[in-house]
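J.: The lines below spell out each chain.
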Amino acid sequence: MELGKRGLGILALLASTALLASGCSGGGGTNDAAAAGEDKTITWWHNSNNGEGKAYYEKVADDFEAAHEGVTVEVSAMQHEDMLTKLDAAFQSGDAPDVYMERGGGELAGHVEAGLTRDLSELATDEISMIGGNIAGWQVDGKTYALPYSVGLAGFWYNKALFKEAGISNPPQTMDEWMDAVKKLKAAGIDPVSVGAGDKWPAAHYWYYSVLRECSQDVLNASVKNLEFDDQCFVKAGEDVKKVIDAEPFNPGFLSTPAQSGPTSASGLLATERVAMELAGHWEPGIMQGLTEDGKGLGDDTGWFPFPTIDGGAGAQDAQLGGGDAWGVSQDAPDEAVDFVKYLLSDSVQQGFAKLDMGLPTNPAANDSVADPALASLLKARDESPYVQLYFDTAFGASIGGAMNDEIALLFAGQSSPADIVAKSQDAANMEK
Amino acid sequence: MTEGVKVVSATVPARQGTAAEARPRNTAAERGSRSPKRKLRAPADKRKNLEILFFVTPALLLIAMFMLVPIIQAVRFSVYNWKGFGPLVDFVGLQNYVRVLQNEVFTDALVHNLVIIAGSIIIQLPLGLAIALLLNRKMKIQGLLRTIIFVPYVLSEVIAGVVWFQLLQPQYGLIDTVLAKLGIQGPAQGWLGTPDLALWTVLIVLTWKYLGLAVILFLAGLQGVPDELYEAAQIDGASWWQIQRKITIPLLGPTLRTWGFLSMVGSLQLFDMVWILTGGGPANSTTTMATFLVSEGTKRQNFGVASAASVILFIVALILAVSYQQFILKRDTQPDTSRKRKKVRR
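Residue numbers (my numbering), protein chains in the order written: chain A, 587 to 1019; chain B, 3 to 348.
Treat each hint with caution, since some may be false.
[To be verified] Only pairs whose alpha carbons sit at most 20 Å apart, straight line, appear in this in silico PhoX-like list of lysine-lysine:
no., chain 1, residue 1, chain 2, residue 2
1, A, Lys1010, B, Lys301
2, A, Lys928, A, Lys729
3, A, Lys882, A, Lys746
4, A, Lys672, A, Lys640
5, A, Lys645, A, Lys941
6, B, Lys301, A, Lys672
[What the hints assert, rightly or not] To give an idea of the interface, some chain A residues facing chain B are shown, with a C-beta separation under 8 Å as derived from the structure:
no., residue
7, Asp674
8, Gln678
9, Glu699
10, Gly784
11, Pro838
12, Thr850
13, Ala984
[Unchecked claim] Derived coverage of chain B by chain A (criterion: at least 3 residues anywhere in the stretch with Cβ under 8 Å from a Cβ of chain A; other residues may be distant):
no., segment
14, 82-94
15, 187-196
16, 279-291
The hints are simulated quantities; they were obtained by calculation from the structure and are not laboratory data. None of the values given here were measured: they were computed from a predicted structure. Glycine included, every Cβ here is placed at the ideal spot set by N, Cα and C.
All chains should be built: construct the whole structure from the sequences, respecting the hints.
T.: Written out as structure tokens, the structure reads:
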């Protein structure tokens, strides 16, 4: 009996040790096999995790496998936020997927510095020249590290019917006209604008755009490069935003309103016709469709106009703020992964991508395939703009961007000043130097 | 007050009496097994040690893997400037700690944690006690009432948070709609959107959520109060109110103090409810130490700063827990531990 007990103890110990050991090694297995490179497996993570988009990407992967013998593409479709969390964890453990979504800017610079992502400058020259100006956000020190497949803009999405009801015939083009529109909407008993200041970045977009109008591109480029915010135009931009806030155009409770989750989010309020407009990214129609019962969002009432111009600003008045998603290849991925990314940017794949309204294609051959009229007008604004500035929280990276957004949200709450935004951003930037 | 003290001291011998009754039985049993053991002492001890080793090792391994290693890692990360990937190279010493302690958002978060600790105890203690005393009386719908009080505690924190988030929506939320029908205007920015109100709103939701735990614990404590004491008090002509004040509540002491400890630890670690209701906003008016370290770490990738914040959170929790043990729980644990020690010695 005694021996039996002890034997059992040893058994339990061995079993638990084995469990722990297998738990530790479980994650590493697949990558080692891929690195060995016999069967050429490409792991691919994307965020089109439902409906047509998911099916389309599965077909794309199948087509690539059919054209390349011996290559398997392992597709993982994930919900966007989940994917970002898992990507962070994957980079931490050095177990990143071969082909993954790269958002550019400071985040990419960090990945490059840590040697996690592959330099595509020499490997994809044709694609890089095809994408043109839109690729700037994915370049670090003149080298290209990822190929953007969708680049969109932030701008005002509005409800055409509510604008008509308030007697606004044309969408505003200057800040004064915009303020006028706000007054008219209020007079008609309509809440003019929704903003998801609870999530901070939607509020921050007002400051980003004001900076774009007040600062010249040279100042901005130098600022992103040297991490300096010493130009007065940054403070001026804050003052512009303060004027907007003081006009009280926003939905009740905007300080705690989330950006786009649920019917009471900023996007939900626009989709359910409770506000007339919202400053949001190119993904807005898709979000709104998901937040309405009939799945149509605002339907035919959906309109889009670019952020208004600001009189006397030193910046380009037709520059746009935007961002996008690119395919990056991790450092130890098989060479076939680069071919796969090139294939993802080919005419046919991008045309199918555009037809399904999955984003705004960067391959010009796919421009005509964008079906949605509002998105088409956005695409036109993008291609006509002198440059597309990457969202600042992406361009400067999460750390500086986070401090910046925090302080901008405080300005919206009346607890900060234009000078504070610059000071806090500079503080965070100094930590990065 | 003096009477109350008398009652307590009168009950203490009774308690010791039951313990004394139990004790001889233990010793008799141990004495019986003692003499044969003595002969085999050396090998038996060795075998016993081996056995302990075998059975404890898996648990120790788990603790080491999931507690010690992360704690050591956090301390290690906290002295580096690290983005979460790549090698740890940028050694910055204690700079991250300085950064955290000089950060107003963090010091505010610490204050919020303390407010929530104090607030939960001040609100939930009398309320929970009152409800527990009421529910301890024989009533027709006792079971139903107990269930209603306890349901929020069983509910997942995330689900409860989302439900309250929707209820508290400004203008379109149920609470504001009802208030509007009564002719009362809710705050313009909403309950969760007004910086001065948000923390109190969160505290009310937390009270709703955790009152059930307090009530259930207190009810369990009430079962431990011997009926003879009530009978004796009743014979002496004590009213229901007097009995509660002078017998029930003093005898409930250990339960109340243990609950206070649980409540304090829970408030220190508070994350999910705040994250869902406000995300720490508006204007950082509801941040807790836990939300601070999550937003610094996973959102901004300042893992060094977040690790420093987590080490500080650990130290704060340790200090509070140890001093609570030392000054408040000691009365309850002291006799227990000394009794245990005696047992082991034998």
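J.: Does each hint hold? Answer for all of them.
T.: Structure-based check of each hint:
1. A:Lys1010 with B:Lys301: holds (17 Å)
2. A:Lys928 with A:Lys729: holds (17 Å)
3. A:Lys882 with A:Lys746: Cα-Cα ~15 Å, so holds.
4. A:Lys672 with A:Lys640: holds (19 Å)
5. A:Lys645 with A:Lys941: holds (15 Å)
6. B:Lys301 with A:Lys672: holds (13 Å)
7. Asp674: Given a least distance of 6 Å, the restraint on Asp674 (chain A) holds.
8. Gln678: holds (5 Å)
9. Glu699: holds (7 Å)
10. Gly784: Result: holds, 6 Å to nearest chain B Cβ.
11. Pro838: Hint holds; Pro838 (chain A) Cβ to chain B Cβ min 5 Å, cut 8 Å.
12. Thr850: It holds, given that the least Cβ distance between Thr850 (chain A) and chain B is near 5 Å, below 8 Å.
13. Ala984: Holds, about 5 Å.
14. 82-94: The restraint on the segment 82-94 of chain B holds, since 6 of its residues have a Cβ under 8 Å from chain A and three suffice.
15. 187-196: holds (count 6)
16. 279-291: holds (count 6)
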